[in-house]
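Residue numbers (my numbering), protein chains in the order written: chain A, 1 to 144; chain B, 1001 to 1374.
None of these hints come from the bench; they were simulated from the model. Since this is a predicted model, take the numbers as computed values, not measurements. Check before you lean on any hint, since a few could be wrong.
Residues from chain A shown here face chain B by an in silico Cβ test under 10 Å; the list is partial [said to hold, decoys possible]:
| # | residue |
| --- | --- |
| 1 | ASN38 |
| 2 | GLY40 |
| 3 | ASP41 |
| 4 | ILE43 |
| 5 | TYR44 |
| 6 | PRO49 |
| 7 | THR52 |
| 8 | GLU58 |
| 9 | GLU64 |
| 10 | TRP68 |
| 11 | LEU73 |
| 12 | GLU88 |
| 13 | ASP90 |
Note that the Cβ used here is the ideal one computed from N, Cα and C, for glycine as well.
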Amino acid sequence: MQPEKGAIHDDLFYDRNDFWIKITEAALIGLTDAGQGNIGDIIYLELVPVGTVVRRGERCGSIESGKWVGNLLAPVSGVIVEANRDAEADPHLVNADPFGRGWLYRMELANRNETGLLMDSGAYRAWSEERIRLEEKNPQGWID
Amino acid sequence: MDWRLVIDDGVTASFGLAADEALAARVGAGASPPTLRLYTYQSHCALVGRFQTVENEVRADYCKANNIPINRRPTGGGAIIMGADQLGVALTMPGRGEDTYSHARELMGVFSEGLVRGLNTLGVGARFHRKNDIEVNGKKLVGLGVYCAPSGGLLFHASMLVDLDIALMLRVLNTPFEKLSDKEIDTVAGRITTVRRETESHITLDEIRRVVADGFASAFDVNLISSDFTAEERAEIATLEREKYLSEDWVYQTTAVPDSNGSAKIKTPAGLIDVSVTMAGSIIKAVFIGGDFFASENAVADLEASLRWHASQPQKVAVTIERIFQSRSAEFNGILSQFLTEAVQKAIARARTAENQMRAEPYGCYVNPGGQDV
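Next comes chain A alone, as it looks inside the complex (with noise of 0.2 Å):
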């Protein structure tokens, strides 16, 4: 999977935490190239090992990013079947091609039902648009 950097997809459905999921068999996920923007450059990315169960909200990695240190926190519940080794070793894959070589798993979803929680493109790019009125009300930032 290898879309072009910096898009909203209709094939993908998203969170409120900037992840992209895309759900076939199992589901793909990743940060979305706004995501990644709005964290900067990412310096260390830590994933949790492949068989681990989580549940939609829970911790499931951690990223760092200046000295911002967050969690990545799982879209849906699942468990963890693929996780990208070549991100973790290099972290700007996610900065530069977080649609493709920057994925970070891949999941076996516990509930489909949970894709209802989710975003569709329209709406996503909706909450990005007011996401960014807000900002712009308050520029006072700190990390590029």
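With the hints as your guide, set chain B onto chain A.
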């Protein structure tokens, strides 16, 4: 609005870190109130950043021989030493539940402002320096970091140099210096500063705590109520300390991102430029700019700080160097930005080439890297 103010001194590394993380988790879950903690560690301990590799950053043998504990912070950034003369500032606040990153970014500006206001009242001309420092005329005074707990709680942390034993720091942290002489100490002293140096006084920790607390009360428009941890909080801190911060698995974990070093020398009409860089994967961890050209120490320190934790793409490096030159052109005394840009870019390219060799030449938060001539 009322916030809690907690003051504790002489804490162990494991307790100090566990308290910060436990509070962030509890505040995010609504179990504890927003808390400003102004504290010091028992002298001394060495704390590496969240994802750093201990053996790259700290001289473990020296620490062991001198009973200096080593631990790992929940926040990112470089290795530091902490003790009675370094003020820890930990603000724990609830996040927004979603889109926490943007929320943290907004609040970080206010957090920095609280510290800057406090320092300004002492007559210290401190200002926020992207990405994570508070500096005085290019010299680092405070290091900043943010951690977002899974509960959504936010921990803003600062380590403020009230005073610093630079020689000790250079013995504890891995540095580029093969031997420790007055020259090496002077080099590091030229890149950092302390509150006592800036105020030219032996100002007490309590006095600094007072102005910092006032700065936060003013910046966030809150009342600070002095209090202590509750019994329930202490129990959670103890559990986290035992299970995480006293665990070697936590302290000595390693990262998949390799360190690498590169250096480059360029002869220019204004003198020799000698640049060394340390990279974390594709990100610049630190830059050291030396040589025999004449330039203001503050300008060089500013340039080095601006390139720390910076993307390594040649164009981005060039833009940052040009920005610093434009604001400090007179201080570079005829050195052309293009030569410095060329030297830094060359050193980066050599580090990237060497990346797979994993030959780290580590450095600390306040120390610049060396690197070998290539």
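Right, here's what the structure says about each hint:
At its closest, the beta carbon of ASN38 of chain A sits 6 Å from a beta carbon of chain B; the interface hint therefore holds under the 10 Å criterion. This hint holds: GLY40 of chain A has a C-beta 8 Å from the nearest C-beta of chain B, less than the 10 Å allowed. Contact between ASP41 of chain A and chain B, as hinted, is supported at the beta carbon level, the nearest pair being about 5 Å apart and thus within 10 Å. Given the 10 Å rule on beta carbons, the hint for ILE43 of chain A holds: about 5 Å separates it from the nearest Cβ of chain B.
For TYR44 of chain A, the interface hint holds, the least distance from its beta-carbon to any beta-carbon of chain B being 4 Å, beneath 10 Å. This hint is violated: PRO49 of chain A has a C-beta 13 Å from the nearest C-beta of chain B, more than the 10 Å allowed. With a least beta-carbon distance of about 14 Å to chain B, the hint placing THR52 of chain A at the interface is violated under the 10 Å criterion. Taken as an interface hint, GLU58 of chain A checks out: its beta carbon lies about 7 Å from the nearest beta carbon of chain B, inside 10 Å.
Interface hint status for GLU64 of chain A: upheld, as the beta-carbon distance to the closest one in chain B is roughly 4 Å, under 10 Å. For the restraint placing TRP68 of chain A at the interface with chain B, the shortest Cβ-Cβ distance is roughly 5 Å, inside the 10 Å limit, so the hint holds. For the restraint placing LEU73 of chain A at the interface with chain B, the shortest Cβ-Cβ distance is roughly 7 Å, inside the 10 Å limit, so the hint holds. Because the closest C-beta pair between GLU88 of chain A and chain B is about 5 Å apart, less than 10 Å, the hint holds.
For the restraint placing ASP90 of chain A at the interface with chain B, the shortest Cβ-Cβ distance is roughly 6 Å, inside the 10 Å limit, so the hint holds.
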